[in-house]
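All chains should be built: construct the whole structure from the sequences, respecting the hints.
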Amino acid sequence: MIYTLGSLNVSDIARRLKMNYASTAEHLQILESEGILLLHTYGRVRMYRFNEGSPRAKAVANLIEVWELKP
Amino acid sequence: MQNIHLQGTKMATHSVFRDESKLDINYIPQKLPHRETQHRLLSEFFSFILRCPERMAQRVIITGDVGTGKTALAQHFGANITSEANKKGLKFSYVHVNCREFRGSLQPILHRAVTVFRPNYPARGYSAEEILDTLMQVLDEEEATMILALDEFDSLIEKEGSDAVYKLTRLQEIRQGKPQRLSFVFIMRDLKPIEKLDESARSTLQRSIVTLQRYDKLQLIDILTDRVKMAFELGTVPEDLVDLVAELAFSETGNARFGIELLWRAGKYADAEDKGAVQAECVRMAVSSIIPGLRRSELVSLGLHEKLFLLAVARYFKENEEAYVSLSEIEKDYAVACEEFEVTPNSHTQVWNYSQYLAKLGVLRTEVAAAETRGRTTRLSLPSIPAVELEKELSAALRSQRGD
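Taken in sequence, the protein lines are chains P and L.
Sequential numbering of the first sequence, starting at 1, is according to the numbering used here.
Sequential numbering of the second sequence, starting at 1, is according to the numbering used here.
Bear in mind the hints are in silico, worked out from the structure with no lab data behind them.
Treat the hints with care, as some may be off.
[Stated by the list, open to error] Here are a few chain P residues that face chain L, going by a calculated C-beta distance under 8 Å: (1) L5; (2) G6; (3) S7; (4) L8; (5) N9; (6) S11; (7) D12; (8) Y42; (9) G43; (10) R44; (11) V45; (12) M47.
[What the hints assert, rightly or not] Beta-carbon label-pair distances, calculated as ranges: (13) A59/P <-> E129/L: 37 to 43 Å; (14) N26/L <-> S33/P: 44 to 50 Å; (15) T115/L <-> L39/P: 18 to 24 Å; (16) A25/P <-> E158/L: 36 to 42 Å; (17) E52/P <-> T13/L: 55 to 61 Å; (18) D65/L <-> A25/P: 51 to 57 Å; (19) S33/P <-> P119/L: 24 to 30 Å; (20) K18/P <-> R40/L: 52 to 58 Å.
Computed from a predicted structure; not experimentally measured.
Glycine included, every Cβ here is placed at the ideal spot set by N, Cα and C.
Here's what the structure looks like:
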């Protein structure tokens with residue numbers, strides 16, 4: 001979702017995934033610590049975006065693209 | 001575009017329009033006739049953006065009456081400066097927001113500016129101050145500059161007052177030492193709302209002002225002629241019809257937008273009746289659909305000869321497609337109308353008086369023009385009431401007066 005839509009804040013991601021805020025934030029923190037996502041903080045707003053400079057993120061992007069190709 | 005109600009409409013076999021989108025209220029033409037000086041002035045005020053961005057910020061007010069081209073000027077300037085900045089490889093955005101669209105509330109206005117760079121920034125739950133901070137942070141991250149044009153700025157002043165204006169205009173002072181990234185264009189009809197502001201907020205605003213004067217009739221003719229060329233098929237809008245529309249727009253405080261809308265409506269009436277060309281009657285119908293023409297009560301209060309004179313005018317324009325007629329021509333038709341109702345026609349001087357009185361009422365328009373042979377003649381036009389309707393109403397009133 002973040003790969004497709006660009007930067008999103010935690011509440012927005014939680015709402016779109018129909019998950020609760022705490023679980024969403026926890027998953028996002030893991031992806032951030034793995035270097036796949038980047039966190040930008042604007043005051044109280046925390047927005048995550050895809051880390052295009054990371055090889056791991058690129059691998060994930062490739063996987064998404066291949067996965068979404070019709071067989 | 002606004003809705004238009006046409007009775008018993010069918011699609012025209014040959015539309016008078018080539019591209020009616022050129023008459024849309026949101027269309028910004030490639031050139032803005034008679035606003036070149038103001039465009040140059042605006043470009044001068046913001047020339048630093050192309051020469052030394054981040055070194056300074058600017059606040060400019062564009063002011064002028066309705067339909068004087070404020071929005072068009074700002075957007076035209078915005079498109080030009082964006083294109084120049086792109087050529088130079090500068091990161092620059094021109095963002096135009098109509099404050100009235102957000103009921104003058106600062107928070108959603110600033111949100112609109114933030115979403116240029118961060119489209120998914122949350123719309124709710126954050127104050128205007130927080131969003132303004134975010135906007136500056138985002139501009140720093142992107143190393144970009146922005147001109148934020150706040151159209152109908154008076155609605156923001158009305159809703160938010162001095163504090164909001166102060167926040168916007170003193171922004172750079174709080175960020176001293178940092179790159180200056182945000183400039184403003186404030187667009188408003190007049191400067192009166194600024195007088196309501198605190199001294200401190202007011203002093204930050206009234207520096208650079210671009211004032212747009214009302215268009216005169218000849219300027220309106222130029223503007224409308226340009227639009228006719230773009231929007232209508234060749235030869236479907238006669239020159240004297242553009243004159244008529246320009247005159248109407250001029251009487252509506254020199255409002256070019258009103259004239260452009262009239263052209264569009266008149267074109268629609270022409271298409272609805274499959275006329276193949278726009279006629280003066282189409283303009284009259286267009287006007288009467290926008291502004292009320294002569295009220296029936298006013299018609300009844302006219303004297304017998306004024307009614308007969310007006311009947312002659314209505315009949316002339318019903319039978320002829322011209323937009324103007326000379327007073328001497330109408331005098332002949334007036335004599336015929338008098339004969340029909342068994343009344344002796346009055347003298348030329350009296351007839352001239354009727355034309356002046358009806359012009360005062362706003363039913364007719366009169367102008368003095370050079371006669372074809374020598375001397376001067378009075379020309380009449382029937383700008384705002386459909387001749388067909390007027391003839392019907394007058395005939396009924398005269399018959400009832402005679403006791404038919």
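Evaluation of the provided hints:
1. L5: holds, 6 Å
2. G6: holds, 6 Å
3. S7: The hint holds - S7/P has a Cβ within 8 Å of chain L, the shortest such distance being about 6 Å.
4. L8: At 5 Å from the nearest chain L Cβ, L8/P passes the 8 Å test, so the hint holds.
5. N9: holds, 5 Å
6. S11: holds, 7 Å
7. D12: holds, 6 Å
8. Y42: Holds - the Cβ of Y42/P comes within 8 Å of chain L, reaching about 4 Å at its closest.
9. G43: holds, 5 Å
10. R44: holds, 7 Å
11. V45: holds, 6 Å
12. M47: Hint on M47/P: holds, closest Cβ of chain L at ~7 Å, below 8 Å.
13. A59/P <-> E129/L: 37 to 43 Å: holds, 41 Å
14. N26/L <-> S33/P: 44 to 50 Å: About 48 Å separates the Cβ atoms of N26/L and S33/P, which means 44 to 50 Å holds.
15. T115/L <-> L39/P: 18 to 24 Å: For L39/P against T115/L, whose Cβ atoms are near 19 Å apart, the range 18 to 24 Å holds.
16. A25/P <-> E158/L: 36 to 42 Å: With Cβ atoms ~40 Å apart, the hint holds.
17. E52/P <-> T13/L: 55 to 61 Å: holds, 56 Å
18. D65/L <-> A25/P: 51 to 57 Å: The hinted range 51 to 57 Å holds for D65/L and A25/P, with Cβ atoms some 53 Å apart.
19. S33/P <-> P119/L: 24 to 30 Å: holds, 26 Å
20. K18/P <-> R40/L: 52 to 58 Å: holds, 55 Å
Hint compliance for this structure: no hint is broken.
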